[in-house]
Amino acid sequence: MSAALPEERPVKSLIPVRMDRMPWSRFHWLVIVGLGTAWILDGLEIQLVASAGYAKSLGMSSAQVGLTSTIYLLGQVSGALIFGRLTDKLGRKKLFVITLAVYLIGSAIAGLSPNVWFLWVFRFIAGMGIGGEYSAINSAIDELIPGKYRGRVDLAINGTYWAGAMLGALGSFWLLDTDRFAENVGWRIAFFIGPVLGLGIIYLRRYIPESPRWMVTHGQGEAAEKIVEGIERDVQAQGKQLPHIADSEAWWIKAHEGLKPKQLAYVFFKLYPSRTFLGLTLMVTQSFLYNAIFFTSSLVLQNFYGKTSSSAALYFFPFALGNLLGPLLLGRFFDTVGRRKMIGGSYTLAAVVLFISGWLFKADLLTAGTHTALWCVSFFFASAGASAGYLTVSEIFPLEVRGQAISYFFSIAQCFGAIGPLIFGILIGEGTDRVPLFWGYVLASAIMLFGGLVAFKFGVDAEGKALEDIAPPLSSYDEHGNQLTKLPV
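125 is the number that numbering that gives the first Met the number 0 gives to position 126 of the sequence shown; each next residue is one higher, with no gaps.
It should be emphasised that the hints constitute simulated quantities derived from the structure, not laboratory data.
Some hints could be false.
[As the list claims (entries may be wrong)] The list that follows gives simulated cross-link-like pairs (lysine-lysine, DSBU-like), each with its CA atoms no further than 35 Å apart:
id, residue 1, residue 2
1, Lys306, Lys259
2, Lys239, Lys147
3, Lys239, Lys253
4, Lys485, Lys259
5, Lys456, Lys88
6, Lys340, Lys147
7, Lys456, Lys261
8, Lys456, Lys259
9, Lys361, Lys11
10, Lys269, Lys485
[Said to hold, decoys possible] If you anchor each label on the Cβ, the simulated ranges turn out as follows:
id, residue 1, residue 2, range
11, Cys414, Pro471, 29 to 37 Å
12, Glu221, Val184, 47 to 55 Å
13, Ala245, Pro471, 15 to 23 Å
14, Val184, Phe449, 41 to 49 Å
15, Leu320, Lys456, 26 to 34 Å
16, Lys269, Gly368, 50 to 58 Å
17, Thr369, Ala245, 26 to 34 Å
18, Ala54, Phe316, 20 to 28 Å
19, Ile425, Leu320, 25 to 33 Å
20, Gly257, Gln237, 35 to 43 Å
21, Phe316, Ala245, 45 to 53 Å
22, Lys259, Cys414, 48 to 56 Å
We put the beta carbon where it would ideally sit given N, CA and C, even for glycine.
Build out the structure end to end from the sequences listed, making use of the hints.
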């Protein structure tokens with residue numbers, strides 16, 4: 000479908016309201032299944048890279064294995080920045096197809112790597128695809144899911160990262176067993192798990208339409224109307240009643256294409272400065288915590304509790320399960336109790352439990368099992384809060400910059416998060432002194448507590464609200480033709 004030329008005058012549209020008030024239907028389940036798998040793939044990829052089954056086959060040192068993870072994360076940052084801008088410019092559907100295709104190609108070809116450099120190039124490409132997925136998918140989900148359910152759906156989908164990580168761990172356990180597969184074969188098969196899943200996902204995505212909200216702001220109102228009418232017919236065919244929507248609830252929209260850097264800066268730092276501070280704080284704090292604990296937990300179990308690398312891996316599953324259950328069980332409260340209270344509370348509770356675990360660790364009162372149990376409790380809350388960080392960033396900014404907001408904040412968070420494993424790796428040392436790592440736990444707890452306090456103070460009460468009521472589109476006008484948000488030229 001070719002893009003229409005921007006309208007000369009604002010046009011009246013009920014599409015944003017109709018999408019927001021839509022009764023739950025099969026269409027919304029299709030969106031969840033078709034789009035909500037990006038995080039499963041990311042968790043799968045992280046775990047496969049972390050397993051390092053390829054290291055011996057390709058003659059890699061420990062430093063090169065670590066660099067492989069870094070290269071994948073750099074690919075994510077690059078993909079988020081490149082594809083985030085394109086998803087606002089070209090549309091959600093084009094990008095969630097393109098980014099998945101980039102991931103499929105990168106991950107599959109990486110499984111054929113004959114040497115280290117070949118592996119690094121295609122791990123970077125796979126990372127680009129997944130990084131781009133974050134922007135395109137979060138944008139599309141928020142614009143296709145009714146406001147009444149947006150919080151729990153976003154949290155559940157983001158939380159499935161840990162289902163992917165568990166799948167990756169199981170795949171690694173089975174495929175990297177040299178009694179079953181040759182050393183140079185198992186890890187290559189493992190790299191095809193994601194692409195095989197992705198082929199099924201990309202088939203489903205053919206049936207997910209472009210965001211009608213995005214289309215209205217880009218001069219494609221007639222095509223958007225046909226999409227919404229089709230969804231409504233399907234809803235009625237399922238025996239559900241469409242809500243009555245008054246004509247006075249319509250939005251006046253004038254299509255325009257893209258924003259200049261000066262205008263982007265105005266939106267983030269002049270129009271919504273407190274929201275920018277909130278989004279950055281939530282994303283950076285959770286990224287530091289997760290990277291610091293997740294990437295060094297195995298070292299803690301080995302150096303302080305005498306576990307082997309193989310036995311330490313078994314403790315990953317309850318840790319991952321706690322992270323998966325948090326968003327699934329707490330998600331609905333973000334739509335009922337509210338964003339501000341639940342995000343602030345989740346961050347704060349995660350900080351308190353982590354601090355307690357650090358104090359008990361310093362006193363040598365924990366075993367590997369009890370320490371892991373405390374991690375599970377802390378990250379049960381942290382996972383819900385972290386998932387809500389992505390939800391927050393994607394819903395508190397106008398539609399025209401939604402994809403870019405996600406990409407910028409995600410990229411900055413990844414850069415700060417990369418510091419965590421370095422700091423904690425130094426503090427762990429050889430496992431002879433618990434005091435340095437205790438102060439690491441204190442630092443991580445303080446950082447999460449700060450995130451919680453910022454959420455309590457600056458959080459946006461977005462629960463149950465339409466995206467347009469949280470942040471009006473920059474292309475919206477009043478009935479007299481006056482632009483609601485004045486942007487610098």
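Here is how each hint holds up against the structure:
no., hint, result
1, Lys306 / Lys259, "violated (54 Å)"
2, Lys239 / Lys147, "holds (16 Å)"
3, Lys239 / Lys253, "holds (32 Å)"
4, Lys485 / Lys259, "holds (14 Å)"
5, Lys456 / Lys88, "holds (33 Å)"
6, Lys340 / Lys147, "holds (17 Å)"
7, Lys456 / Lys261, "holds (28 Å)"
8, Lys456 / Lys259, "holds (31 Å)"
9, Lys361 / Lys11, "violated (63 Å)"
10, Lys269 / Lys485, "holds (11 Å)"
11, Cys414 / Pro471: 29 to 37 Å, "holds (31 Å)"
12, Glu221 / Val184: 47 to 55 Å, "holds (54 Å)"
13, Ala245 / Pro471: 15 to 23 Å, "holds (18 Å)"
14, Val184 / Phe449: 41 to 49 Å, "holds (47 Å)"
15, Leu320 / Lys456: 26 to 34 Å, "holds (32 Å)"
16, Lys269 / Gly368: 50 to 58 Å, "holds (52 Å)"
17, Thr369 / Ala245: 26 to 34 Å, "violated (58 Å)"
18, Ala54 / Phe316: 20 to 28 Å, "holds (23 Å)"
19, Ile425 / Leu320: 25 to 33 Å, "holds (29 Å)"
20, Gly257 / Gln237: 35 to 43 Å, "holds (38 Å)"
21, Phe316 / Ala245: 45 to 53 Å, "holds (52 Å)"
22, Lys259 / Cys414: 48 to 56 Å, "violated (25 Å)"
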